[in-house]
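Engineer: Sequence:
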Amino acid sequence: MGKRLNSGGKTASDTPSVDLLNRRLGTSPAPRMLTASEKKLLRQGADEIAAVVRRNAEGSNSNT
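The working numbering puts the sequence shown at residues -12 to 51.
Note that these hints are calculated values from the structure, not bench results.
Glycine is no exception: its CB is placed at the ideal position from the N, C-alpha and C atoms.
Worth double-checking, as some hints may not be accurate.
So the derived label-pair ranges between C-beta atoms look like this [as the list claims (entries may be wrong)]:
| # | residue 1 | residue 2 | range |
| --- | --- | --- | --- |
| 1 | S47 | R11 | 42 to 48 Å |
| 2 | S47 | A23 | 34 to 40 Å |
| 3 | S47 | D6 | 23 to 29 Å |
| 4 | G13 | V40 | 25 to 31 Å |
| 5 | G13 | I36 | 17 to 23 Å |
| 6 | E45 | T22 | 31 to 37 Å |
Just need the whole structure built from these sequences, with the hints factored in.
Structural biologist: Okay, here's the thing in structure tokens:
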């Protein structure tokens, strides 16, 4: 199993969309195309992670 990134005590799957996508995908030995709903969840997860990064960046800028 792959190693998860850890940042600030939370894993990437701590966002609701990424957690749901991970539960839906499971594991498969053969590659396949993502479904429309999986693509939507992936984009939503990326947006959630980007929002956390922006908030963290804004917080670190105000402390300097």
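Engineer: Look at each hint and say if it fits the structure.
Structural biologist: Evaluated hints:
1. S47 / R11: 42 to 48 Å: 34 Å, violated
2. S47 / A23: 34 to 40 Å: 37 Å Cβ-Cβ, so the 34 to 40 Å window holds.
3. S47 / D6: 23 to 29 Å: 26 Å, holds
4. G13 / V40: 25 to 31 Å: Given about 28 Å between the Cβ atoms, the range holds.
5. G13 / I36: 17 to 23 Å: Since G13 and I36 have Cβ atoms about 22 Å apart, the given range 17 to 23 Å holds.
6. E45 / T22: 31 to 37 Å: Holds: the Cβ-Cβ distance is about 35 Å, inside 31 to 37 Å.
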